[in-house]
Amino acid sequence: MAEFLQNIVKKSPWIYRINAGSCNGCDVEMATTALIPRYDVERLGCRYCGSPKHADIVLISGPVTAVVREKVLRVYDEIPNPKVVVAVGICPISGGVFRESYSIATQLDAYIPVDVNVPGCPPRPQAIIDGIAMAIEIWRKKF
Amino acid sequence: MNSAEFLVNVLIFPGGLFAIMLGLFLTGLDRKIYARLQRRVGPPICQPCIDMVKLSQKETVIPKTANYTVFRLAPLLGFAGMLAAIAVIPIAGIYSGLYQSGDLLVILYLLSTPALALVIGASASGSAYSSIGLSREISIMLAYEIPMLMVFFTVAMRVGMELGGTAIFSLSSIVDFQLSKGPLLLDLPMLPAFLAFLMCIPGTLGVVPFDIPEAETEITEGPLLEYSGMGLAMFKLTSGLKTLVLSALTIALFFPTELGSFWLVNILWFIFKCVVVMLFTNTLIRATRARMRIDQAYKFYLLVPTSLALMSLVLTVLSFRI
Amino acid sequence: MSKFFKVILKNLIKGPSTIKYPFEDSPAPEKLRGKIAHNSNLCVACHLCEYVCAGGAIKIQESEDKKGIDFVVWHNTCTFCGLCEYYCPTKAIHLTNDYHTAHLQEDKYNYVEKTFVKKQPCICCGKPIVPLALSMVEQIYGKEGDARGLSKMCPQCRRKILWKGACLNYERRGNE
Chain S
-18 MAEFLQNIVK
-8 KSPWIYRINA
2 GSCNGCDVEM
12 ATTALIPRYD
22 VERLGCRYCG
32 SPKHADIVLI
42 SGPVTAVVRE
52 KVLRVYDEIP
62 NPKVVVAVGI
72 CPISGGVFRE
82 SYSIATQLDA
92 YIPVDVNVPG
102 CPPRPQAIID
112 GIAMAIEIWR
122 KKF
Chain C
31 MNSAEFLVNV
41 LIFPGGLFAI
51 MLGLFLTGLD
61 RKIYARLQRR
71 VGPPICQPCI
81 DMVKLSQKET
91 VIPKTANYTV
101 FRLAPLLGFA
111 GMLAAIAVIP
121 IAGIYSGLYQ
131 SGDLLVILYL
141 LSTPALALVI
151 GASASGSAYS
161 SIGLSREISI
171 MLAYEIPMLM
181 VFFTVAMRVG
191 MELGGTAIFS
201 LSSIVDFQLS
211 KGPLLLDLPM
221 LPAFLAFLMC
231 IPGTLGVVPF
241 DIPEAETEIT
251 EGPLLEYSGM
261 GLAMFKLTSG
271 LKTLVLSALT
281 IALFFPTELG
291 SFWLVNILWF
301 IFKCVVVMLF
311 TNTLIRATRA
321 RMRIDQAYKF
331 YLLVPTSLAL
341 MSLVLTVLSF
351 RI
Chain V
25 MSKFFKVILK
35 NLIKGPSTIK
45 YPFEDSPAPE
55 KLRGKIAHNS
65 NLCVACHLCE
75 YVCAGGAIKI
85 QESEDKKGID
95 FVVWHNTCTF
105 CGLCEYYCPT
115 KAIHLTNDYH
125 TAHLQEDKYN
135 YVEKTFVKKQ
145 PCICCGKPIV
155 PLALSMVEQI
165 YGKEGDARGL
175 SKMCPQCRRK
185 ILWKGACLNY
195 ERRGNE
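Chains as they are written, first to last, in my numbering: chain S, -18 to 124; chain C, 31 to 352; chain V, 25 to 200.
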């Protein structure tokens, strides 16, 4: 029964984007993955939702700067379980080009547990879809 | 009618199970066609069912500033109202409505319960975005109720003046009248009323260009912001049921026809008419229009559908007095 | 208003334009800047790529047993800017067009490209040195290659041989 439910549920993950101080390059790539007809994610059942309370998969971009750190943690706490975190771009994974800057303390997985990494500056939309597919596989096992 | 028949009508056919499945099917078809109009592939048609199953498995997060009881009970209000509304509407050839008189007014009241549920739920959430959303919802509700009331009154007058002397507010007699004399759509004075009713439907459903209360990019989903898990599933289900209720109401008011007397053919013909009404009021408008501001929506509703309905009312009354 | 309906009709007729990515292949263009690949036979360990790297992804260090040089690129900080490829004198490092970079959190610190540049002994004194790549030899010594084997000597022996040759030339000229 659990297996059957898992197979149904994996067809409808809802995605929420958090911008933790990024340069918006990865945000533009994430927007093009869903909205343009070329790389439609809606055929996989995904949907961009406007509220963190509706989300299942969180895409985080940007190095976690000092100004935005508390807010990212607060929004992350609002997302109901089970949830999966995907770090998009090299900034959340390791700080990227901004690593030794004055406003960045550590990388993202010192604050919240990350599940999938998609490096690239910015990663190609097909690579982001790969990352989302991996995240869906991890997510369905958490039910 | 006895209570067993009553229970079957409300819970299985045409309320309850049949209505939920048909409502979700209409929503899924709408999303698929909307995607095809944009040269995308789109989700499978059973996608809303999968969404409901997934939402029922998520946990519910209740904010600290929320009123606990009202927050959890608000989604059920709209759902119950819509289930009751579907049982009241007659379907040509298969099902005559629950009540014999006065059910047009009952429908009018029941149609406002989902919006009220949204408003109550949003105010129980206690968040700033929700309060903006709920004030916009109340404003737009005031705007679209006026032409809708006028259209109901016009249809009731038309049927009533032909049969007796005064307006008859009974859906079953309206449907019986049309089955014997031909649909009201072919009657020229009623055509502006039909157009006015079609224009009210996107406002009721919260569809672009009138999805002002649920504007995603402006107030991050407005009233539904703090809902997750089962409550959200109830709201989405209510929205699907509302599509079905409005399509069925349009069909019952303006063109209830039946093809022969076999029940399966009549049901399929009803579903086909529902799909056509939904296509023209929901999908096509959603694909080609942009969102309006609240004052533009007000101006539109107070000018265009109201004047069309008024024109229809005047023409109907005149055609009988002369 | 009617313009929109014409667009919709055209869209319905043309059909979807989606590349159904995980189920259909989406080939990368040839010049796409993808993951780094390093050829240790051409590398001379000049540290130029490490100096210009924008994300600080390249590390060149002598290995513990002193037999060669470890060359490590961590893909999780590489910006795919291509500066290392532009400045490399021997074209040992280049960017492929592989864009499949998604990986799980457990592999985060293993997601590297690691190669080993072996040192060879100097033909004069026997000290292990990193040999010059063939393209650099041709650039410095011309098409005939180097007849005296200067490219296989360590810098100190090379200077000694060149100085001896300079002395010899000086003596010869002085005598004439």
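Take these hints with a grain of salt, some might be off.
[As the list claims (entries may be wrong)] Taking lysine-lysine and the DSBU-like style, the derived pairs with C-alpha atoms no more than 35 angstroms apart in a straight line are: (1) V:K90 with C:K62; (2) S:K(-9) with V:K27; (3) C:K329 with V:K188; (4) C:K62 with S:K64; (5) V:K90 with V:K38; (6) V:K59 with V:K91; (7) V:K44 with V:K55; (8) S:K52 with V:K142; (9) V:K132 with S:K123; (10) C:K94 with C:K266; (11) V:K142 with V:K132; (12) C:K329 with C:K266; (13) C:K303 with V:K90.
These aren't lab readings, by the way, just hints derived from the structure by calculation.
Sort out which numbered hints this structure fails and list those numbers smallest first.
1, 2, 3, 5, 8, 13
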